[in-house]
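*Asks:* First to last, the protein sequences are chains Y and X.
Heads up: the first sequence begins at 1 in our numbering, then just goes up one per residue.
Heads up: the second sequence begins at 1001 in our numbering, then just goes up one per residue.
It is worth saying that the hints were derived from the structure and are not from the lab.
Here the structure is a predicted model, which means the values were calculated and not measured.
Ideal Cβ placement from N, Cα and C applies to all residues, glycine included.
Any given hint could be a false lead.
What the hints assert, rightly or not - Within a straight-line C-alpha distance of at most 30 Å, the following computed DSS-like cross-link-like pairs (lysine-lysine) qualify: (1) Lys237(Y) <-> Lys1237(X); (2) Lys237(Y) <-> Lys1476(X); (3) Lys476(Y) <-> Lys1476(X).
To be verified - Chain Y stretches covered by chain X per the calculated footprint, using a threshold of three residues with CB under 8 Å from any CB of chain X: (4) 40-49; (5) 201-208; (6) 235-241; (7) 410-419; (8) 451-463; (9) 494-505.
Number of protein chains: 2
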Amino acid sequence: VSREPDRMRWWGWAEPDAPLDVSAAGEELLRREIGLGDGETPPVALEDVRLPDPRPLPELGAVEVRQDREARVRHAAGRSYPDLVRLRTGDGSGAPDAVVLPAGEDEVAAVLAACDSAGVAVVPFGGGTSVVGGVEALRGSHSAAIALDLARLDSLTVDRASLPATMGAGLAGRRAEARLQGRGLTLGHFPQSFEFGTIGGYVATRSAGQASTGYGRVDEMVLGARCLAPAGVLEAKPVPATAAGPSLLQLLVGSEGAFGAITEATLAVRPLPSARRYEGWSFRSFEEGCEAFRAMEQGHVSPDVARLSDVDETRMAMAMSSHGGLAERLGRAYLGSRGHGQGCIAIVGWEGEEDQVARRAADTRRVLRAQGGLALGERPGRAWLRARYLGPYQRDELLGRGAFAETLETATSWSNLRRLHDAVADTLRSALAARGTPALVACHVSHLYPSGASLYFTFLARAQPGEELEQWAVAKRAAMEAIVATGGTITHHHAVGHDHAEWLRAEIGELGVEALRAVKERLDPRGIMNPGKLLAA
Amino acid sequence: VSREPDRMRWWGWAEPDAPLDVSAAGEELLRREIGLGDGETPPVALEDVRLPDPRPLPELGAVEVRQDREARVRHAAGRSYPDLVRLRTGDGSGAPDAVVLPAGEDEVAAVLAACDSAGVAVVPFGGGTSVVGGVEALRGSHSAAIALDLARLDSLTVDRASLPATMGAGLAGRRAEARLQGRGLTLGHFPQSFEFGTIGGYVATRSAGQASTGYGRVDEMVLGARCLAPAGVLEAKPVPATAAGPSLLQLLVGSEGAFGAITEATLAVRPLPSARRYEGWSFRSFEEGCEAFRAMEQGHVSPDVARLSDVDETRMAMAMSSHGGLAERLGRAYLGSRGHGQGCIAIVGWEGEEDQVARRAADTRRVLRAQGGLALGERPGRAWLRARYLGPYQRDELLGRGAFAETLETATSWSNLRRLHDAVADTLRSALAARGTPALVACHVSHLYPSGASLYFTFLARAQPGEELEQWAVAKRAAMEAIVATGGTITHHHAVGHDHAEWLRAEIGELGVEALRAVKERLDPRGIMNPGKLLAA
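One chain only, chain Y, in its complex shape (with noise of 0.2 Å):
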């Protein structure tokens, strides 16, 4: 499978195409407030990685097997903090024993029949960018563990006059979008793991891109997917909507691999905008960003990209952007001036044709105006736009800073949201306090609705060598643990995985996942689809 030249790493994300300085205000901040040193851990060297020895599989025929080491450690593991720490110090026990890679539909059939009569898990493999445990070769009670790489189903069709797009589930989305825009299209799904994650990815775990106030989610874009499963073929056609009973194809999204694997999906697109506008906001504070955000969302009038940060990932970006230049200092005087100096940094962003974005973004304007909002011009929202993906650059880095880095989500009603925010800050700071490794805990708000909006933590503390994993489990049970008891969802975008597996019955009673189960247990009678994952508490 080649993805140059946007190749992950195999112990990370990607080689970032420039350096990623942290300035000098970002450097303090980390030194003052989670007291990073100036270490280093690198990650151990490919040769070192401690692979299990490879179960015995089944023929495949025609189908290309791969086991080389390169292959497997590639495929054993996602992008979550544990993820991460597993690999750079050399813990592949997530290895699949092997990576099979499927040259089309007839062969994805086929090896599941062959797994599944010879009780061998399966791991349907995209992007492989899940952020909670969602890929890991977990065997079950099988005897052996595939990763099923679907990197080769990346057709792509369009239906001009309907506008779906119907594609392979292996096609990356950075591809897919390439390919659209070619034909003056857009997807319009943005997530930041745009540059690896698939569209059979962003279907079986219910994605939400950065764009998703405008563009809507994947469950709102898809019309229909196929899916494969040990007992047959599932598919729900694409039709624009149907009353049909329960929905078939609001079952497969979200199945995370969990049912068979998801092949092809047909999803809306749109023509390719014209222009764009970003813009950066200013809020006197988190609940006055609030009070506007929901103002905006309710009064039909939001951009198509809407994030308002916290009072603390406002403080944290600002120090790390920052270059103590005159401009700045300027600016910060401005704001300052104006009653913003402790304020809530927000950026809206406005996708079209000239005019459609030049109308709406003065609607946009009006309501943020009278709610209070500062406009800041189009500087912070091109800065935005143009680090946008560099979070999981940043994460590397920071780790090999000696940094323990996460981020985690959530979204809950417009009247629980502030609660929600700060009982899940609260409790990340205090876990993490009480290990003696004091906490950066920045939040933003993201993805509107009529009726709510998402919470994204980003945390930052000193990471625990050797009780890194532990220090992991802590602060994210603390968080699970006060989003649950405080009514928000376990997870808006970014999946169940194993990592969240545990947590579902608290969104979805007992009887939900009796049902989800039923549902599992006639499409994979023996178990075979991804174990360890979604159902799996």
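Once you have looked at the hints, place chain X on chain Y.
*Replies:* For chain X alone, coordinates are given in the frame of chain Y:
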């Protein structure tokens, strides 16, 4: 259950506020094209309905149980053509053995437990407006059947900041809307069954209202739902959005009482619009109108209501409403002079704040004009608004005159729309002509999506006395086969019920049906919930 003053006729819809006159031109059309005579075929008297003797029921404690003739007949059928034929001719074989009226969720649970132990079928009952055989009391393999009338579950609470309303399943849409409007809010869900349909029924049948192009379908409005199944409580908690696995919520939406009884749902509501404007437009041909609607929808300038009548519906509507006055004759002359003499009429309507309506209307009009549309002003729009719920009243009238009158609907992509339209219309015409009862088949495009739209067919013929059910079955089967063969969905907003159950396999495949059946078996192990519907075939 008092529903005065909007109480249904036991044998049909309700008493119209004013006499439903058919114009002379309409009379002439019906005489000429379907051979309708002057005969009258009134319904039998209530006392003459043949009811099966009630079978023994389990003890239900304090829960109210009714077994009188009127209650049983009122719960014996929905409002499809075969339902109406059976009721009018005194066939009460679909009546439940009793009507049970729980006062709250605890009583629902008690009733389900008692019926589950006793092996008694339970048919959840909302407004009784199903047009697909969703509410008649089929017993399946059970000894008896009750109608579980949810009318007393009629609570309503609103979260004003986040704008969802949580409502009891038995609350009628009209009452919900009146209570919301009293607080300056609206649900914006206006199906033709608006006067009697309930919140629970909307959710259980995946309903779409006349304004769904703007306000969305119920499956888009719904944020959470509770469902009581024999195996326990299922709760999809209201969240703005979630990535927590396959959607339990979208498994409950459209479950049609086959998994359990939906007791409560949380739906997004909006500020009540202060302005609305409805207009008529004319297109030279159906193709031209479809292209205009597609351009409008894909250009994101759709109104909230958008309906385009085909040539036959336009002709029929004009004849039925014509009173032969000079103004009308001049209007026709005008249309003729503009090349719209044989054209198609569209209704478009916007709701919102005054300035929004004005601006959105200007945007829509620009596209419609560019696509060849001719503006007819507000008069046709106001006429449509006045008549929007009159269809079922008119049907009672037509049935009393000896007509066969039925509707059915589907949806498909824009690129397949014309092909599906012609296939269904042609097959209905041939199937009925072959029986010596030539048909008037009219259709409109409505419920627009970027990828396609729905097609709603109305067909009229002379009823064949004594063979009405066979006549219906032949026409219905022909239409369904054409829909399936031409790639339409088996139902866009009428649901599955009994009448579409045999085609569910064509929609979601054998394995898709099996997956839903697995859910049913887990939630309702003894199969007491609404047997013979949804997953029956």
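*Asks:* Does each hint fit the structure? Answer for all of them.
*Replies:* Evaluated hints:
As the CA atoms of lysine 237(Y) and lysine 1237(X) are separated by approximately 28 Å, the hinted pair is consistent with the 30 Å bound. With a CA separation close to 22 Å, the supplied pair lysine 237(Y) and lysine 1476(X) stays within the 30 Å bound. Of the supplied pair hints, the one linking lysine 476(Y) and lysine 1476(X) is violated, its CA atoms being roughly 56 Å apart against a limit of 30 Å. Restraint check on the segment 40-49 of chain Y versus chain X: 0 residues with Cβ-Cβ distances below 8 Å, three needed, restraint violated.
Here's how the segment 201-208 of chain Y fares: 4 of its residues keep a CB closer than 8 Å to some CB of chain X, so the rule of at least three is met and the hint holds. Figure legend: the segment 235-241 of chain Y, annotated as covered by chain X; annotation consistent (7 residues with Cβ-Cβ distances under 8 Å, at least 3 required). Residues of the segment 410-419 of chain Y with a Cβ under 8 Å from some Cβ of chain X number 6, which satisfies the need for three, so the listed coverage holds. Coverage of the segment 451-463 of chain Y by chain X holds. Counting CB-CB distances below 8 Å, 4 residues qualify, and the rule asks for three or more.
With 5 residues carrying a beta carbon less than 8 Å from a beta carbon of chain X, the segment 494-505 of chain Y meets the three-residue requirement, and the given coverage holds.
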